[in-house]
Amino acid sequence: MAQLATQIVINGLASSLVYILMALGFTLIFGIMRVVNFAHGELYMIAAFIVYFFVGSLGWNYYLVVVLAAVAVGLFGAGLERALLRPFIGRELNGMIMAVAISMTLQSAAFILFGPDELSAPRPVAGVIRLGAIVVALDRLVVGIIALFILAVFYLFMRYTKLGLAMRAVVQDEEIASIHGIRARVIHPLAFGLGSMLAGFAGALMAPIYTVYPYMGAQPMLKAFIVVILGGLGSIPGAVLGGVVLGLTESVFATLISTTIATMVSFGIVVLILLVKPTGLMGRSGR
Amino acid sequence: MTEVVLEVQALTKSFGGLRAVSDLSFRTTRGEILGVIGPNGSGKTTLFNIVTGVFPSTSGSVHFRGHDISRMTTDAIARLGLVRTFQAATVFRQETVFENIRRGAMFGCIGDPRRLFWKGRVSDDARKAKETAEELLEFACLSDVARAQAGNLPYGKQKMLGVAIALARRPLQLLMDEPAAGLNPSETETIGELIEQIRSKRGIDVVLVEHDMKMVTSLCDRILALNYGKAIAVGMPADIVAHPEVIEAYLGVDVD
Amino acid sequence: MKSVVTHFALIAALAAWPFVVRQPFLTHVGIMIALYATLALSMNLMLRIGQISFAHGAFMGLGAYGSALFMMRLDLPFFAAFLGAGLAVSVVAWLVGQIFLKIRGVYFVLLTFSFGEIIVLLFIEWVGLFGGSNGLANVPPPGLFGHQIQGRGGFYLLALALATFAYLSVRAIYRSELGAVITSLDENENLSRSLGIDAHQYRLLTFCFSAFLAGLAGALYGHYLTLVTPDDYGFSVSVNLVVMNVIGGISDPIGVVLGALLLTILPEFLRDAQQYHGLVYGLLLIVFLLFMPEGLYGAIRRFRRNKWEGSA
Numbered sequence: 001m002a003q004l005a006t007q008i009v010i011n012g013l014a015s016s017l018v019y020i021l022m023a024l025g026f027t028l029i030f031g032i033m034r035v036v037n038f039a040h041g042e043l044y045m046i047a048a049f050i051v052y053f054f055v056g057s058l059g060w061n062y063y064l065v066v067v068l069a070a071v072a073v074g075l076f077g078a079g080l081e082r083a084l085l086r087p088f089i090g091r092e093l094n095g096m097i098m099a100v101a102i103s104m105t106l107q108s109a110a111f112i113l114f115g116p117d118e119l120s121a122p123r124p125v126a127g128v129i130r131l132g133a134i135v136v137a138l139d140r141l142v143v144g145i146i147a148l149f150i151l152a153v154f155y156l157f158m159r160y161t162k163l164g165l166a167m168r169a170v171v172q173d174e175e176i177a178s179i180h181g182i183r184a185r186v187i188h189p190l191a192f193g194l195g196s197m198l199a200g201f202a203g204a205l206m207a208p209i210y211t212v213y214p215y216m217g218a219q220p221m222l223k224a225f226i227v228v229i230l231g232g233l234g235s236i237p238g239a240v241l242g243g244v245v246l247g248l249t250e251s252v253f254a255t256l257i258s259t260t261i262a263t264m265v266s267f268g269i270v271v272l273i274l275l276v277k278p279t280g281l282m283g284r285s286g287r
Numbered sequence: 288m289t290e291v292v293l294e295v296q297a298l299t300k301s302f303g304g305l306r307a308v309s310d311l312s313f314r315t316t317r318g319e320i321l322g323v324i325g326p327n328g329s330g331k332t333t334l335f336n337i338v339t340g341v342f343p344s345t346s347g348s349v350h351f352r353g354h355d356i357s358r359m360t361t362d363a364i365a366r367l368g369l370v371r372t373f374q375a376a377t378v379f380r381q382e383t384v385f386e387n388i389r390r391g392a393m394f395g396c397i398g399d400p401r402r403l404f405w406k407g408r409v410s411d412d413a414r415k416a417k418e419t420a421e422e423l424l425e426f427a428c429l430s431d432v433a434r435a436q437a438g439n440l441p442y443g444k445q446k447m448l449g450v451a452i453a454l455a456r457r458p459l460q461l462l463m464d465e466p467a468a469g470l471n472p473s474e475t476e477t478i479g480e481l482i483e484q485i486r487s488k489r490g491i492d493v494v495l496v497e498h499d500m501k502m503v504t505s506l507c508d509r510i511l512a513l514n515y516g517k518a519i520a521v522g523m524p525a526d527i528v529a530h531p532e533v534i535e536a537y538l539g540v541d542v543d
Numbered sequence: 544m545k546s547v548v549t550h551f552a553l554i555a556a557l558a559a560w561p562f563v564v565r566q567p568f569l570t571h572v573g574i575m576i577a578l579y580a581t582l583a584l585s586m587n588l589m590l591r592i593g594q595i596s597f598a599h600g601a602f603m604g605l606g607a608y609g610s611a612l613f614m615m616r617l618d619l620p621f622f623a624a625f626l627g628a629g630l631a632v633s634v635v636a637w638l639v640g641q642i643f644l645k646i647r648g649v650y651f652v653l654l655t656f657s658f659g660e661i662i663v664l665l666f667i668e669w670v671g672l673f674g675g676s677n678g679l680a681n682v683p684p685p686g687l688f689g690h691q692i693q694g695r696g697g698f699y700l701l702a703l704a705l706a707t708f709a710y711l712s713v714r715a716i717y718r719s720e721l722g723a724v725i726t727s728l729d730e731n732e733n734l735s736r737s738l739g740i741d742a743h744q745y746r747l748l749t750f751c752f753s754a755f756l757a758g759l760a761g762a763l764y765g766h767y768l769t770l771v772t773p774d775d776y777g778f779s780v781s782v783n784l785v786v787m788n789v790i791g792g793i794s795d796p797i798g799v800v801l802g803a804l805l806l807t808i809l810p811e812f813l814r815d816a817q818q819y820h821g822l823v824y825g826l827l828l829i830v831f832l833l834f835m836p837e838g839l840y841g842a843i844r845r846f847r848r849n850k851w852e853g854s855a
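Residue numbers (our numbering), protein chains in the order written: chain A, 1 to 287; chain B, 288 to 543; chain C, 544 to 855.
Honestly, the hints are just simulated from the structure, not real lab data. Quantities reported herein were computed from a predicted structural model and do not represent experimental measurements. For glycine and all other residues, C-beta sits at the position ideal for the given N, C-alpha and C. Do not take every clue at face value.
Footprint (simulated), chain C over chain B, 3 or more residues, beta carbon under 8 angstroms [said to hold, decoys possible]:
#, stretch
1, 359-370
2, 389-403
3, 452-461
4, 523-529
Model the full assembly from the supplied sequences, consistent with the hints where possible.
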């Protein structure tokens, strides 16, 4: 019984960590720009396709391409902010529609370029290791370790660098932050870029684990959305907490009943939280 | 003649550990203009918000003409005849001045959606609303800008419009949140005269939260002075102005 | 008076053309335009009170499943099933609206989004009632006055009738005092409430009528396809409706219908290049959001007004 439980947890661990990366990017973007980035899943998808193409077709080194993909997606995200989302600061609903429009466009572009088929990106490592009776797939272990590393770097960045502190200030209160000289024009593209980069890392890491196809971003986007609502839109520790809660809840329900019920329960929790405490388990009240 | 209109009893409001309003009681009577003064943080705004239904008190009660409005929402309170105006100019910016006032009159009839389905009454109400709007345009000296877009008016006129809209609603008592805020001296005088006429010509009672002491002392029958959420004095302007605690709370404020 | 005659002529022309032109494909497009016009108008009501609902796909689906089930399981005649489905959907809207409508802005959108997802998952999970992923097949055709309607011409007339009802009622609402209240709620809710408007009840009323229209459209859609499956009623439906509103023009019902017309014709004629459908949609939406937020109809009106002022 304990063995089954442990196996459940281990199986979900890599995915959970990746979903936390998605959620962090999503919540950072919302916290700083009040934009619900419906295109977040497509940023994930673009990175995955980059990995598919450069590692799969051109044979480049996987780890190198992960970093390149994330950076490319980050820059792309910053560009999106500058070109398409900046006019909608303060008009949250219109900004959201714009994000949906971007999402549609990117999905279609991928569809046109690569077709609807599910493609495979090669794994960086293969095989499993055994810890007693527990089986751990090596590629997921690698993904999990890299994801943890990125999370740690992100944490240190937000906690100890000037830029990180500036971003956290803006999340707390944009007006007061601007009084201290932190300018939206600089912070916004940076935040969107950083959030996109996190989505890019998530997509690049997951590319070899499952399959790569144009609509692959929808599920992770939904998961990120749920995680973020659970933890609180705009709350960074909340995203981590939410990720853990969601990962565990889904694992339990999916194993014991069915995946569909698991998703329904997740959305049900979202509805409850939005009604009772829209700021989530850890968000600040008021805003 | 001394019919009680608004009665506040033992009102207390705590925000976490902070007591914004503390055991406050007072009443207004028919036909009077009451002023509420106090330095920033004295609880004026909180009191105002509780009475107009923005949020409920922690304890205590508010009665309006005998009805217990302590737990009512803003719109329900407005339907009873207690209407508020806003400190910042609050109008329907994209509509004409005339339409703004007409809505004030019309909404007074259809606050509750069920009224809408009384077809006959609605067209009757609509006609009366137009008449009311015409009349109030004159009263508030806005006839010349009747067809202008409300959002384009100068700030002073927007505030006058805000008062006209509230009046169109035919309130029994008007609660005004810093009507002179943002106005220059001549505009302040105009609005002061308007408020006096509201009482004398239209028979509407007024409660006025204000900082402008000149306006308050010249206009109000009685003044309630607050500090730290408590009532420190209530009485006629002359008495209040000479009251030691009031002077202390208002150190440095011009009182002539 | 001239207006009444023109209106009658217009409706007569709209009703008659499929029987003159006699092209089944075009009639099909006509049916879809009418249904989407109804749906887009229902979304327009929500946009008027300043709220985007991503639950409208679910409302459409509930209407489709409802009407089919009323006929198939309860043996109700078509008109009763059809109206009953619409009413059932508005009751659902009334129930969830009690709590959902207390929330505004982005959070409301996310709430309706989650609600929509839950409903679609319910369609998939509750196999006994809704038929699971396969849905309900062999949905009985509508029957009016003893005749069964199975041909496209008949469906077209039904859809046209629904669209006309939707258009006229929405237009009547906007021209009435109710319309002034609805607009006021979006323009300045605080002011409206200070004047005694029960904002919550009015929003609820709007939400319920909007859901009613969406449910009716869904019901007719289900009967037309004779198949009701969960995939048709997801999040993308609501997105399409918003796109129609943005491109056509939010401020006038005619603009909304125009948007529905354009965006229904587009994919039907892009059948061969279906992968480009999403791309065109997305790019159009981006362009309109940035450069023509008042929509096509708004731009046309502005252009005509400028011409008037230019020549004056």
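Results for each hint:
no. : hint    : result
1   : 359-370 : holds (count 7)
2   : 389-403 : holds (count 10)
3   : 452-461 : holds (count 3)
4   : 523-529 : violated (count 0)
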